[in-house]
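Enquirer: These protein sequences, in sequence, are chains R and C.
Note that numbering that gives the first Met the number 0 has the first sequence beginning at 0, numbered continuously upward.
Note that numbering that gives the first Met the number 0 has the second sequence beginning at 0, numbered continuously upward.
Source of the hints: derived by calculation from the structure; they are not laboratory data.
Worth double-checking, as some hints may not be accurate.
For chains that are exact copies, the list does not tell them apart, and a pair is met inside one copy or across any two.
[What the hints assert, rightly or not] 27 Å max Cα-Cα, derived BS3-like pairs, lysine-lysine:
#, residue 1, residue 2
1, K157, K255
2, K255, K237
3, K237, K124
4, K237, K157
5, K375, K237
6, K157, K242
Number of protein chains: 2
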Amino acid sequence: MERVRITFQPEGKITELPVGGSVLEATEPLELYIASPCGAEGRCGRCRVRVLDGSIPYDPLELELLRPEERERRIRLACRLKPSHDVVVELLPEYVYVQPRAKLEIQGPAVEVESGLEKHLVALKTPTLEDPVSLLRQIHRSLPLKDEEYRLDLEAVKALPRIPWGDGEVATATIWDGTIIALEQGDTRRAQYGVAVDIGTTTIACFLVDLITGEMGGAAAKANSQRFFGDDVVSRIKYTMEKQEGLGRLHRRLIKDVNALLTSICQEAGVSPDQVYRMVFVGNSTMAHLFLGLDPRSLGTAPYVPLADEGIEFRAGDLGIAANPACRCSFLPAIASWVGSDALAMTLATGIDESEGIILAIDVGTNGESVLGSRKEILCCSNAAGPAFEGAHIADGMQAFPGAIEAIWIEEDVHLKTIGGFSPKGLCGSGLIDAVAVLLEAGLIEPFGRMLGREEAEERLPHLGSSILNRLRREGSQNMFVLATEEESETGLPIGLTQSDVRELQMASGAIAAGCRLLMREMGIEEQDISAVLLAGAFGNHIRAESAVRIGLIPCLPSDRVHFIGNAAGAGARMALLSRSVSRRAFALRERIRYVEQAGRPDFQDLLMEAIVFPEL
Amino acid sequence: MERVRITFQPEGKITELPVGGSVLEATEPLELYIASPCGAEGRCGRCRVRVLDGSIPYDPLELELLRPEERERRIRLACRLKPSHDVVVELLPEYVYVQPRAKLEIQGPAVEVESGLEKHLVALKTPTLEDPVSLLRQIHRSLPLKDEEYRLDLEAVKALPRIPWGDGEVATATIWDGTIIALEQGDTRRAQYGVAVDIGTTTIACFLVDLITGEMGGAAAKANSQRFFGDDVVSRIKYTMEKQEGLGRLHRRLIKDVNALLTSICQEAGVSPDQVYRMVFVGNSTMAHLFLGLDPRSLGTAPYVPLADEGIEFRAGDLGIAANPACRCSFLPAIASWVGSDALAMTLATGIDESEGIILAIDVGTNGESVLGSRKEILCCSNAAGPAFEGAHIADGMQAFPGAIEAIWIEEDVHLKTIGGFSPKGLCGSGLIDAVAVLLEAGLIEPFGRMLGREEAEERLPHLGSSILNRLRREGSQNMFVLATEEESETGLPIGLTQSDVRELQMASGAIAAGCRLLMREMGIEEQDISAVLLAGAFGNHIRAESAVRIGLIPCLPSDRVHFIGNAAGAGARMALLSRSVSRRAFALRERIRYVEQAGRPDFQDLLMEAIVFPEL
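Given only the sequences and the hints, what does the whole structure look like? Please build it.
Expert: Structure follows, in structure tokens:
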């Protein structure tokens with residue numbers, strides 16, 4: 000088969016591709032992650048790259064999705080770009096996945112450290128003909144329990160040859176739940192580490208924790224490299240069903256991602272990955288299935304029931320995780336098919352189950368969940384919001400990284416705040432919410448979501464002045480409000496909010512809001528009965544509570560009752576890692592939370608129709 | 000690097016070898032096992048092959064070790080034969096390892112079956128939106144204990160996608176010690192298998208057992224393919240210390256051997272290896288170390304103390320064993336450094352620990368053990384007999400396979416019995432004992448082991464007649480007694496017993512007898528206090544008790560007190576497999592057996608000198 004060479008700039012990475020393959024496919028072995036929310040089907044138009052060298056005919060879908068000025072800049076769609084000769088391609092930063100800020104922000108109540116891990120110092124002596132005691136027996140004899148009370152992990156046995164063995168030498172035995180899981184040379188009692196892992200559909204975050212002090216030793220996040228196969232869980236499930244070896248491929252990607260993070264946080268902290276003896280994983284049910292190598296197809300079709308939703312215990316080595324092979328791992332249990340262990344961990348972190356007042360916790364994300372309750376009763380539901388909050392399916396959307404517009408206000412003209420204060424490149428989730436809230440407030444967007452045309456606005460809202468009204472343009476067949484002009488933007492292209500973008504946000508926000516209202520109705524409470532709204536997820540502290548209220552994403556409450564809690568799933572996983580009693584509480588909690596099903600409920604459809612309409616305050 | 004082609008006949012197997020490599024090395028990838036007791040050092044001269052095609056200059060060691068008539072037949076030593084061009088080589092059956100008979104003969108008391116394994120039938124139902132119960136929860140709910148009382152092996156989790164899931168479907172859960180280790184489609188409750196494995200230095204034997212009925216489902220044995228690296232444990236230990244990757248290589252060989260046997264017995268019995276859920280392994284300490292991948296060097300140098308001598312529990316998958324990956328495996332504990340779990344298993348099988356009378360059990364082999372005792376007290380020692388009993392280091396020695404001389408008697412002339420009644424090819428262990436016993440009885444060998452020369456014999460033993468006396472010849476610098484002449488033998492070469500052969504047997508038999516006498520002295524008993532002598536090991540039922548008594552191998556007792564018990568280590572492993580209480584008894588037994596060290600005891604040296612002299616009856 001003939002092959003062509005693809006060079007990616009600015010990285011300078013080079014790979015080969017058979018003729019007929021796409022540039023998107025070529026990024027895979029190089030671990031370059033270009034956005035592909037639609038799963039390389041040529042629908043989303045998000046896998047933009049620039050061809051620096053070489054000319055390849057356009058695919059009809061490219062002609063449809065790329066603007067003339069983009070084509071002039073030789074912008075192409077990587078999934079449609081199939082070179083028949085060597086090419087040099089430039090990756091565009093706004094279309095490459097980076098690590099979202101909020102995933103590393105974890106909070107959560109203080110937890111008394113009782114990880115369940117013990118380390119014991121063992122004094123060794125030189126065996127003699129008169130006292131020929133094997134190394135393993137010497138170790139057993141110096142532990143607090145009797146021989147037969149310990150089990151022994153084969154990994155600890157395999158470590159025996161690495162332990163110098165004679166008078167004056169010492170070794171350290173690591174014990175978990177009555178099993179000796181590790182044996183090490185010297186006194187390593189101070190080295191007891193654990194890692195909490197939050198496996199999100201979009202982003203994976205890892206937290207290194209010192210299991211003696213409870214202190215955080217480091218945190219890192221990266222894009223879930225399964226995103227190459229689609230943005231949401233449904234496209235991933237579809238991929239496993241349609242492609243041979245699809246499941247294996249997605250499974251190996253997750254393991255590789257987790258290992259990359261684990262290795263990097265350990266390296267940064269100067270900790271040997273072999274001294275990570277305990278890990279707690281959380282994630283939605285699809286991620287749990289893919290991580291464990293389980294076929295997720297039953298999650299993809301009605302009645303959407305997983306193969307397994309209970310907590311799964313395993314050893315790191317069983318799944319090829321790069322910690323100590325005998326490291327004891329737990330994947331926390333799910334609450335329901337579409338409310339995974341990440342939601343359970345969020346509930347733990349928010350302390351809903353111990354709260355006097357009623358708390359509403361919302362995980363805002365592609366596959367988010369809402370939990371409503373107090374110590375008396377807890378309800379939950381899932382939110383099929385779609386990826387709009389992460390900048391996907393939005394004309395000039397991008398992830399929250401330097402240059403993204405994250406806040407907008409109008410004072411005579413439009414004012415922007417970008418991440419890092421750079422020239423604007425695009426619109427991230429918090430910027431999108433802000434933009435819609437501001438235009439709603441100004442009357443440029445109607446409650447039903449329609450954006451006014453220029454002439455209509457000049458007529459009805461002349462007080463806004465020309466510097467605002469001039470920003471209303473036609474973009475193809477729809478209205479667009481320009482947030483940053485050609486001159487203001489980094490890319491030389493205008494950055495705007497289109498009518499479609501407003502519709503995307505309406506659907507996303509409406510889905511979450513309708514879910515929350517259904518929970519309130521089930522519990523028989525009103526908005527004002529809620530003592531606190533906690534927003535978790537990709538946003539972190541980066542949206543304004545007023546804007547979230549303005550678009551109806553969260554109940555209309557005073558902003559001091561709204562809190563942003565960052566990565567609550569990661570925080571809950573960390574708590575379960577630090578404390579076996581918290582971990583046990585998680586299992587008990589799971590049985591107390593009632594899942595409220597939305598599918599097939601006509602009243603939910605009504606709530607959804609109501610919630611899609613922006614509130615009139 | 001230039002390569003040459005080596006063709007092995009009669010198998011017709013072909014391989015390539017870099018120039019400078021030996022024909023012995025070329026056999027390795029083809030799984031052809033030529034004897035190499037000295038570990039390819041050119042000392043033992045046992046790796047004889049015949050070159051059919053091609054001529055390669057002789058190595059000086061070959062000129063030393065090969066007789067002129069052998070060189071005429073183009074016999075060569077495979078370890079010294081380093082072809083610079085393509086050659087065809089014939090394997091000589093008497094130098095190729097085969098499966099010894101006795102390893103498959105197992106006896107031992109009846110055991111009440113209580114393997115610890117349970118299988119439970121689970122009725123499944125189609126999940127619905129109203130009752131969305133995951134597959135794993137359905138399984139948990141139908142088991143006798145509550146959810147939280149079971150642990151779950153990741154292998155059982157991985158099996159979930161293979162279970163059809165709907166009304167009317169059933170599945171079977173396999174439980175071991177509170178852990179669900181397997182999940183299978185349909186009702187498989189009848190399929191509960193276990194395998195006992197006896198890992199000998201020379202031979203590995205596997206026994207398939209039905210864990211419901213206790214019946215034997217099949218047995219198979221094969222040469223331990225580590226033999227390529229030396230006949231005894233000392234050369235294997237040396238190999239791991241001297242060669243890079245030596246330990247890994249020996250380890251992988253054992254795993255491969257066990258897997259070959261496991262697969263073949265399962266196939267023969269129509270059992271899926273995935274339905275082998277429990278395995279018990281026994282072997283000497285060096286085999287235990289190499290099997291587990293542990294560095295055995297501490298066993299090779301004083302004070303000869305192992306890294307681990309306790310029982311080791313693991314899952315088949317942890318070591319790449321081809322049973323169900325979650326199969327629960329136990330390597331039984333050793334009694335002392337040089338008295339391995341094989342001796343413990345032998346003790347179990349012989350029931351010494353429950354006997355009123357005093358029993359002496361001897362495992363006759365390269366690394367054998369003796370156990371003496373009754374329910375009151377049990378002593379043991381190790382026997383460094385060397386490989387003479389297996390036909391190694393014996394001029395015309397061979398393993399016990401068709402054509403081997405296994406019995407000899409003198410009635411006017413010499414009469415032979417060969418295995419299978421074929422023309423004689425060589426002398427196996429039982430034939431060696433018989434030959435020495437017969438010649439001792441005839442006066443042709445003196446008590447101190449000297450073999451008479453022809454003239455001396457004609458003078459002192461003229462009554463033997465010329466047909467016997469003519470058999471005395473000079474072979475190099477030593478006397479030899481011809482058992483089969485050039486005309487009688489299969490090979491066209493005479494088969495004889497040399498003076499050196501007698502010395503080898505004296506040393507081997509003396510080492511065992513002296514060990515037994517030391518045990519008797521420690522216990523303060525005499526030969527006649529022993530109610531039964533049990534002979535286990537490679538001989539099985541194939542030596543005559545009288546001959547064993549005649550050469551002083553076993554105490555001088557009436558032959559009805561001598562019993563041959565075949566593979567007692569295998570029998571004990573099978574008992575531990577069938578019954579958890581027997582398995583527990585093994586652990587307790589280990590603490591009750593006292594190891595009697597021979598090294599550094601002047602009284603043992605005296606006993607050894609006495610035992611080397613053949614008894615005058």
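Enquirer: Does each hint hold? Answer for all of them.
Expert: Comparing the hints with the structure gives:
1. K157 to K255: both (25 Å within a copy, 19 Å between copies)
2. K255 to K237: within (21 Å within a copy, 39 Å between copies)
3. K237 to K124: between (60 Å within a copy, 25 Å between copies)
4. K237 to K157: between (41 Å within a copy, 20 Å between copies)
5. K375 to K237: neither (39 Å within a copy, 70 Å between copies)
6. K157 to K242: between (39 Å within a copy, 19 Å between copies)
Violation of the numbered hints given earlier is confined to hint 5; every other hint is satisfied by the structure.
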